[in-house]
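A.B. asks: Sequence:
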Amino acid sequence: MNTPQVLPRVLTRQVRPRVPAIGSSLFKHLMLILVGVVVAYPFYFMVTSAFKEFFEATAVPPTFFPTSWHPENYAEVWSKQPWARFFANTFFIAGTSVLGEIVIAVLAGYAFAQMNFRGKNVLFALFLATYMMPGEATLIPNFVMMSKAPPGVNPLFPIPRLNLYDTYAAQILPFLASAFSVFLLRQQFLAIPRELRDAALIDGAGHLRFLWSVVLPISVPALVTVAILSFYASWNSFQWPFIITSSEAVRPVQVGLYAFQAEAGSHYHLLMAAASFVVAPIVLLYLVGQRYLVQGVARTGIRG
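Going by this note's numbering, the first residue of the sequence shown is number 7, and it counts up by one from there.
Some hints here could point you the wrong way.
Derived DMTMM-like pairs: lysine to aspartate or glutamate, alpha-carbon spacing no greater than 25 Å straight-line [stated by the list, open to error]:
{"no.": "1", "residue 1": "K154", "residue 2": "E254"}
{"no.": "2", "residue 1": "K154", "residue 2": "E142"}
{"no.": "3", "residue 1": "K126", "residue 2": "E142"}
{"no.": "4", "residue 1": "K126", "residue 2": "E59"}
{"no.": "5", "residue 1": "K86", "residue 2": "E62"}
{"no.": "6", "residue 1": "K126", "residue 2": "E201"}
{"no.": "7", "residue 1": "K86", "residue 2": "E254"}
{"no.": "8", "residue 1": "K86", "residue 2": "D204"}
{"no.": "9", "residue 1": "K86", "residue 2": "E59"}
{"no.": "10", "residue 1": "K86", "residue 2": "D172"}
Distance ranges between label pairs, derived from CB positions [to be verified]:
{"no.": "11", "residue 1": "F71", "residue 2": "V289", "range": "12 to 22 Å"}
{"no.": "12", "residue 1": "R167", "residue 2": "W84", "range": "12 to 22 Å"}
{"no.": "13", "residue 1": "P48", "residue 2": "R124", "range": "46 to 56 Å"}
{"no.": "14", "residue 1": "P67", "residue 2": "A197", "range": "47 to 57 Å"}
{"no.": "15", "residue 1": "A183", "residue 2": "V289", "range": "24 to 34 Å"}
It should be emphasised that the hints constitute simulated quantities derived from the structure, not laboratory data.
We treat Cβ as the ideally placed atom computed from N, Cα and C, and that holds for glycine.
With the hints as constraints, model all of the structure from the sequences given.
C.D. replies: Dropping the structure here:
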């Protein structure tokens, strides 16, 4: 006669799904709304003030909505400065800087990520250390190299002079190599499996072919991120163009806005109108490329 087997009793505990606390979720949403208001209000104040008349724009406390709308402020601002020339200069300088920076960052990032050579890590550390150097520290060396050597000066250690003062090239060349862009693309290229590269090399594809056909197509978010950040930095650049230029023919829009500020004085409604169409291209660029910007930063920021 078979005796029944008694199975050991297993104690189980029912796992309840975690429900986020209502208070915690409400607090997060309130904080997000608060931060959004703090960030958006200056932009809203700028745009609405651009449509106000002089006395309303300087009223204390300020009005939340214009009592009367004056779109002619934009026409008045546009007639006081060669804004078309300033915008054309800025688009050319920013576009050229973006293309040059992407080419250099792609090649350097690929070399640091996918190629093996002696001293690679040391060289990358030295290159990355330049990112920690403040831009003000390079103003004088860059200005000396871009300007023309004064006559009769024979220094002990001669510095190459490019004689590019007051030119487009002087506003582009110093910023073609960006340590941050190289680091960002290197992080992206490190995620590409070595087996994929080895298979491409076995099939006869060189490094440039592998870079063009395989690496770049799967790195579009990172490339767009570099392009947006580079364009943003070039568009908002003021200090260096103000120092290295002296004529309206090559000056960018930020320097033109500074010149208009000196002319407009206390006419804040005109200053706000000028500032609003100066920042408009950057806002539109962010709205168009924000999806790629978030993807590029998220994909490259989690890899070591």
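A.B. asks: Now tell me if each hint is right for this structure.
C.D. replies: Now for the hints, and whether the structure bears them out:
1. K154 with E254: Holds, at about 20 Å.
2. K154 with E142: holds, 21 Å
3. K126 with E142: Roughly 28 Å between the alpha carbons, so the hint for K126 and E142 is violated.
4. K126 with E59: Roughly 61 Å between the alpha carbons, so the hint for K126 and E59 is violated.
5. K86 with E62: holds, 22 Å
6. K126 with E201: Holds, at about 21 Å.
7. K86 with E254: Roughly 13 Å separates the two Cα atoms, so the pair holds.
8. K86 with D204: With Cα atoms ~61 Å apart, K86 and D204 exceed 25 Å; violated.
9. K86 with E59: holds, 17 Å
10. K86 with D172: holds, 23 Å
11. F71 with V289: 12 to 22 Å: holds, 21 Å
12. R167 with W84: 12 to 22 Å: violated, 38 Å
13. P48 with R124: 46 to 56 Å: Cβ of P48 to Cβ of R124: about 51 Å, so the range 46 to 56 Å holds.
14. P67 with A197: 47 to 57 Å: Since P67 and A197 have Cβ atoms about 53 Å apart, the given range 47 to 57 Å holds.
15. A183 with V289: 24 to 34 Å: holds, 28 Å
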